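Taken in order, these protein sequences are the chains called X and H. According to our numbering, the first sequence holds residues 1 to 259 in order. According to our numbering, the second sequence holds residues 1001 to 1605 in order.
I should point out that these hints are in silico values taken from the structure, not numbers from a laboratory. Please read these numbers as outputs of a predicted model, since none were measured by experiment. Even for Gly, the Cβ is constructed at its ideal location relative to N, Cα and C. Check the hints yourself; a few may be wrong.
Claimed, not checked - In silico DSS-like links for lysine-lysine, alpha-carbon gap of 30 angstroms or less: (1) X:K214 with X:K67; (2) X:K111 with H:K1036; (3) H:K1515 with X:K90; (4) X:K90 with X:K7; (5) X:K111 with H:K1031; (6) X:K7 with H:K1515; (7) H:K1115 with X:K214; (8) H:K1095 with H:K1598; (9) H:K1208 with H:K1325; (10) X:K224 with X:K203; (11) H:K1325 with H:K1501; (12) X:K7 with X:K67; (13) H:K1501 with H:K1548; (14) H:K1568 with H:K1548; (15) H:K1208 with X:K7; (16) H:K1115 with H:K1095; (17) X:K90 with X:K203; (18) X:K203 with X:K67.
What the hints assert, rightly or not - Computed far set for chain H versus chain X, every beta-carbon distance over 12 angstroms: (19) M1154; (20) W1226; (21) S1493; (22) G1523; (23) N1565.
As the list claims (entries may be wrong) - To give an idea of the interface, some chain H residues facing chain X are shown, with a C-beta separation under 7 angstroms as derived from the structure: (24) G1046; (25) R1102; (26) Y1520; (27) P1522.
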Amino acid sequence: MTDVTMKVWRGDASGGAFENYSVTQQEGEVVLDVIHRIQATEAPDLACRWNCKAGKCGSCAVEVNGKPRLMCMTRMDTLPEGPVTLTPMKTFPIIRDLVTDVSFNYAMAEKVPALLPPPMPEGGYVMFQEDVERSQEFRKCIECFMCQDVCHVIRDHEDNKQHYAGPRFFIRTAELEMHPLDTNDRREFVREEMGLGYCNITKCCTEVCPEHIKITDNAIIPLKERVVDAHYDPVAWLGRKIRRKTKMSSTEAAVQPAP
Amino acid sequence: MTTNSPYEHHEYDVLIIGAGGAGLRAAIEAKQRGLKVGIVTKSLLGKAHTVMAEGGMAAAMGNVYSEDNWMVHFRDTMRGGKYLNNYRMAELHAKEAPDRVRELEQWGALFDRTKDGKILQRDFGGHRYARLAHVGDRTGLELIRTLQQKVVSMGTDVFMECKVLQLVHDSSGRVAGCVAYWRANGEFVTFSAKAVIMATGGVGKSWKFTSNSWEGTGDGHAMALWAGAKLIDMECVQFHPTGMVWPLSVRGLLVTEGVRGDGGVLRNSEGKRFMFDYVADMFRAETADSEAEADRWYDDHTAGRRPPELLPRDEVARAINAEVKAGRGSPHGGVFLDIATRRSAEVIRRRLPSMYHQFMELAGVDITREAMEIGPTLHYIMGGVQVDAETAGTAVPGLFAAGEVAGGMHGANRLGGNSLSDLIVFGKRAGAGAADYIAGGDVANGFDQGEVESAVREALAPFTRENGENPYDIHRDLQEMMQANVGIIRTASEVEEAITKLEEFTERVQNISVKGGRAYNPGWNLATDLPSMLTVSKTTARGANLRKESRGGHTREDFPGTDANLAKVNFSHSITGGWAGEITTVESPVLEIPAELKSLLEEAK
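Taking the hints into account, I'd like the entire structure generated from these sequences.
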């Protein structure tokens, strides 16, 4: 057991400052345990967001020593010696202390054209494991929004949020595009509405993903290729259009009610 | 409907409290019926405790064993519940679960597949056949994301991080809405609705070692009771056999039953597979009596009987408890769960990726090389709001309940995998029940502003008290007390002491002081959770005292056997005078099973 100083940012949209808490760290503890102990003793009003404390819900993302981490999966004994600095995710507006307003992500989610499957046959759909695996990788996402936090397109440029959706929604779009049952076409949508072109594949998102989803390699790059095919290569585009008659344009797709 | 609420106010046809599997499924149904639907959740959308479900959802689709059908599923559920179940719920659940699972694929769910492209099904405790549709060990995440995305695509209003304090009534006593506050700024908000669906989940946070998230404070159980509904079977609390025991900071964290379904076995400190010593008479005929027989079963269920590690959860949890008590436990007070010597590292990582990750990151244990240390953890409450099986309606007009907050479906013990399917079967039924009730026309009209004001006054009181108690201290003491006195093994003196102590806790909660302001203040939030936690704890302790037998999740050291007379009653609680008021507990008869269904149970005995 050792004593450690936790430098926790406290404040709200109007401003704030670091406060230091000296705590005794116990064997096997994660950062969230230490925050809970500070709440139970010195600072019952210290705001942090958390739910499952098992790395499954993605609620407790903050920046630990400047890097986005899930507090529930970050063991204290893996951090370098010295004070531990906790700050709210920088990309999102602050509500209070370590809690940020992540509504940007929920607004984006509403824009994504839904899955549009063919009617379900008697006894259910037939899909094979190798066909579902691609999208299953993206469906591991726990929506911690750390990929959004670390993406410099919106981290450093607030105005880009108007026309850029961020890595979370690129994997969401890729998941739907690669879904074996989908008949929607979101290629124009992801280029025009989600600003896929702004991503210059620095892989920061992939590095922080707690689910180890290969965001850049498996979602963003294939999406960029599809968009390029659709937009700039009329022959390929026409070919696709003929072969995949069921796919719709994004304008049509956006107004299609899901079943 | 008209109100003169001084607070932010919203009006809906159907208001759903809780955004886990049951609440979201109810919302979809009500939306499809053309109603105006609002969902209120105290967390962000998609974070509900449903995401923690790992192993799968049970549905007799027969994709792996064609012998499976709803009748076998019904039988397994009733036997697992030790016949205390509302048989009609168990019947509807078994019949409807396959369609509910399949329709999730229309909305985007991608389950693991069989070789011929159907939904793959896995083995779990108490289920005769491989029956759990799953995605690796993250099935709950798949369920909640699918329903969340469907709800979003339908354009439903979701009030996130909005904590409901109390239901309110109209002048005729119908439930007519609720009063809540925004966690972000502490401002109050009122909702009026023609029907309210309670879908708030469980109660685990009243105990010290639990797999539940902070949300499991029993708000829905308590609010429904306060509003005039009845709670049944509250003594029936499930201790999941396999929670992590080390490090202390993660004690109670769930280890999926899928580990055992996929071949994992339990061993004591002597390395012995001890479950063979704990097969109850009820399960002897269908359980293997040698390791060789049990091991043959995994590949072919006709080549041997089931391994005893896959007995229902209550049986396994009691056995682990007994081994530890006999001094054959692991270094940190559990037993060993071993899959490392049973399956290849590649299979373990593919089938159980979250477990691999969880042990590696949090305990520094590589489960492909070493055994896990595990022990029982409070996981689920079978008891809950008494509902009508067909409509999910409660004793109060206008109030419906579905999911973990509802009681009856699982009897005295829930089978693994029956929870996720419960959510979608009865979530849909609650949405339909509320829609039919509204179509009937005799619905709430306005609400009692006095109820709103008293809830607001009570919520703000902790800010006005000087030198009161810290809510965190009360919560810690409550958890210690409930763990010690109303835990996995119970006895008269301890349960009686709990009942007395809970009255002292009531006084302490009435003297809480909260520091800081109203904006995103977790101390205040906890202060508003504690009345619910106390209400739940009181009904659990009262039921545990009255049920002088051992049945399912309720085990009495002083009454180790079952009592045939108690098999016929559910203990039903009601309250008068608000959360600190008087609780009355009466015997309510268990629904009589019709002869044709009874024969299904007997045939298989």
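Exercise. Which hint numbers does the structure go against, in order from smallest to largest?
Worked result: 19, 22
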